[in-house]
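Student: Residue numbers (the numbering used here), protein chains in the order written: chain A, 2 to 320; chain B, 2 to 320.
In short, the hints are calculated from the structure, not lab data. Where hints are given, some of them may not hold.
It does not matter which identical chain is used: a pair holds within one copy or between any two.
Think about it this way: if two alpha-carbon atoms lie no more than 20 Å apart in a straight line, the pair counts; the simulated SDA-like pairs of lysine to any residue are [as the list claims (entries may be wrong)]:
| hint | residue 1 | residue 2 |
| --- | --- | --- |
| 1 | K110 | F318 |
| 2 | K97 | A73 |
| 3 | K111 | D232 |
| 4 | K71 | Y117 |
| 5 | K97 | G116 |
| 6 | K111 | R272 |
2 protein chains.
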Amino acid sequence: MIELPQPTAVLDAAVRLQGIVNQTPIHTSRTLDAQSGQHIFLKCENFQRVGAFKFRGAYNAVSQLSEAQKAAGVVTHSSGNHAQGLALAAQLLGVKATIVMPEDSPQIKKAATAGYGATIVTCPAIEREVVCRELIAEHGYTLIHPYDNPHIIAGAGTAARELLQAVGPLDLLLAPIGGGGLLSGTALAAAAVQPNCQVIGVEPAIANDAQQSWQTGQIVRLTAVPPTLADGLRTRYVGEHNLPILRQHVADILTVTEAEIVAALQFLWTRLKLVVEPSSAVALAPLLTGQIRQKGQRVGVILSGGNVDVAGLGALFTN
Amino acid sequence: MIELPQPTAVLDAAVRLQGIVNQTPIHTSRTLDAQSGQHIFLKCENFQRVGAFKFRGAYNAVSQLSEAQKAAGVVTHSSGNHAQGLALAAQLLGVKATIVMPEDSPQIKKAATAGYGATIVTCPAIEREVVCRELIAEHGYTLIHPYDNPHIIAGAGTAARELLQAVGPLDLLLAPIGGGGLLSGTALAAAAVQPNCQVIGVEPAIANDAQQSWQTGQIVRLTAVPPTLADGLRTRYVGEHNLPILRQHVADILTVTEAEIVAALQFLWTRLKLVVEPSSAVALAPLLTGQIRQKGQRVGVILSGGNVDVAGLGALFTN
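Could you build all of it, start to finish, from the sequences and the hints given here?
Tutor: Given below as structure tokens:
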């Protein structure tokens with residue numbers, strides 16, 4: 002039986018992260034409100050340290066390790082924002098971090114993670130988990146899973162807590178869902194601060210395992226990595242800690258098409274002047290497509306991060 | 002003898018613009034401070050209405066017209082941010098705006114300006130000023146010049162005033178210079194609020210007419226439109242209202258290369274997650290190149306706007 006984080010864990014995490022994380026800005030836009038028919042508050046985690054919300058959970062997790070665990074070091078497998086978030090959290094806490102990355106990861110991601118003082122171990126993508134286990138067996142490292150970890154969940158939820166505390170009552174709160182760390186944390190934050198606020202997850206339609214899992218109550222595993230543009234949401238299944246929280250606290254999980262993701266991304270970049278990653282656009286998209294029928298609501302959106310290939314994505318935009 | 006705006010004109014403009022303009026956010030960055038060796042405050046006018054500081058001056062100018070002038074309408078020639086700024090200002094004040102644009106202006110710019118209710122008149126680029134004069138003669142419109150106008154200057158200065166009031170004493174304040182509206186307004190703001198703050202203009206090296214004009218005291222006119230990437234700074238000469246203010250209140254005018262502009266733009270987009278235009282990168286660039294030798298200073302930078310061709314510029318970035 003796993004132990005699930007309670008809503009109050011988000012409040013405890015917020016105390017732990019005070020003065021460490023950026024209290025990121027909240028943007029509003031007349032243009033966005035006019036286009037969506039809602040009153041929208043964007044929580045800009047693209048301005049978070051390492052460029053994504055992931056730093057919140059990583060710091061919350063590493064800071065709660067025992068002295069012996071800290072002395073031994075931490076490990077994870079990731080080529081994305083979690084790698085950088087864990088690397089920086091460990092560096093700030095004086096803990097050795099080892100990150101297992103696929104050998105074909107972009108050089109820029111390896112360099113960014115190494116820049117925070119982490120040791121990078123590369124291997125064929127398929128062997129990542131095995132290599133991770135070997136390192137744990139050999140060195141006694143503690144695995145900090147990117148999403149299936151109660152402290153990662155509680156830390157991720159602090160972004161929503163800041164938003165809810167800053168802007169007051171919201172009718173809806175939207176967050177993207179990949180493995181479920183951000184969405185389950187967001188749902189716990191709402192449960193702790195504003196239980197009447199509905200929390201909704203948004204997922205790429207071609208990666209809708211979380212929607213299926215949430216509907217059925219069983220973790221649905223995709224057989225291949227889904228080829229969505231939203232690289233932060235290419236996880237094949239949600240975590241064991243995440244699903245029960247989603248089932249209890251999340252009102253709905255919506256899906257959006259790849260074209261809708263590109264359109265929302267273009268809107269965020271060109272109209273709102275925010276460099277965000279496609280995963281962030283996923284969360285905003287249902288407000289631009291008309292999927293959310295009831296208008297005039299106060300809606301929060303967690304923009305998850307901003308680490309992107311500007312040229313590659315910009316080339317997809319329409320005139 | 003022209004009448005120059007005094008430093009207090011910026012304070013008067015700020016009262017006029019209260020509740021109308023966005024009080025734009027001020028961003029700081031550990032990464033930027035570490036890289037530059039300074040403590041930098043970025044005034045993010047890319048988040049201003051119409052996506053650029055230009056709205057400030059336009060609203061300040063149109064709101065001070067006589068009732069007869071308002072009834073007749075305003076006109077300008079611009080294909081850039083001033084066109085959109087004037088169009089929105091006029092719309093908000095119930096004044097008819099006519100914008101003369103080169104017939105080869107991008108459709109997206111015509112549409113954006115028309116979207117704010119302005120009438121677009123197109124003509125060959127070379128005939129813009131003639132067409133403008135004809136419209137004034139025929140309809141009695143008032144010309145709102147993009148920079149050579151005391152109310153435009155005072156309005157533009159309100160961005161710097163907000164910054165200086167928000168962050169306290171600064172050693173340096175940097176702004177880009179094209180025609181001189183933003184820089185002269187910025188210099189007046191500093192003179193009004195913090196006379197000890199040095200104001201420095203930054204210009205593309207291949208468009209250094211303002212530097213020459215500032216050095217010699219005579220308006221130097223380029224014979225052709227300079228082909229700088231910073232499209233907001235392609236003006237051929239500074240204004241008659243602008244130069245005397247620059248001479249009196251600006252400590253230096255620096256230049257940066259096109260490669261330095263691209264590097265600063267890439268830093269702003271990919272590290273700071275801010276969609277800004279190349280003109281904004283011009284102002285930041287001297288802090289990244291080491292041109293400003295004295296380290297440890299508190300430095301303000303006016304990021305002028307964020308209306309850009311994302312794909313076209315992103316393609317220039319290096320890995």
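Student: If the cutoff is 20 Å on CA atoms, where do K97 and A73 land: within, between, both or neither? Let me know, please.
Tutor: within (7 Å within a copy, 71 Å between copies)
Student: Could you place K111 and D232 in one of the four classes (within, between, both, neither) given a Cα distance threshold of 20 Å?
Tutor: Classified as within: same-chain Cα gap 16 Å, cross-chain 35 Å, threshold 20 Å.
Student: Is it within, between, both or neither when you check K111 against R272 at 20 Å Cα-Cα?
Tutor: between (31 Å within a copy, 16 Å between copies)
Student: When no copy is named, should K71 and Y117 be tagged within, between, both, or neither for a Cα gap of at most 20 Å?
Tutor: within (17 Å within a copy, 58 Å between copies)
Student: With identical chains treated as interchangeable, where does the CA-CA distance between K110 and F318 reach 20 Å or less: within a copy, between copies, both, or neither?
Tutor: Between copies only: 16 Å across chains, 24 Å inside a chain, cut-off 20 Å.
Student: What label fits K97 with G116 when the C-alpha limit is 20 Å: within, between, both, or neither?
Tutor: Answer is within: at 13 Å inside a copy they meet the 20 Å cutoff, but 55 Å across does not.
Against the hints set out earlier in the document, no violation occurs for any number.
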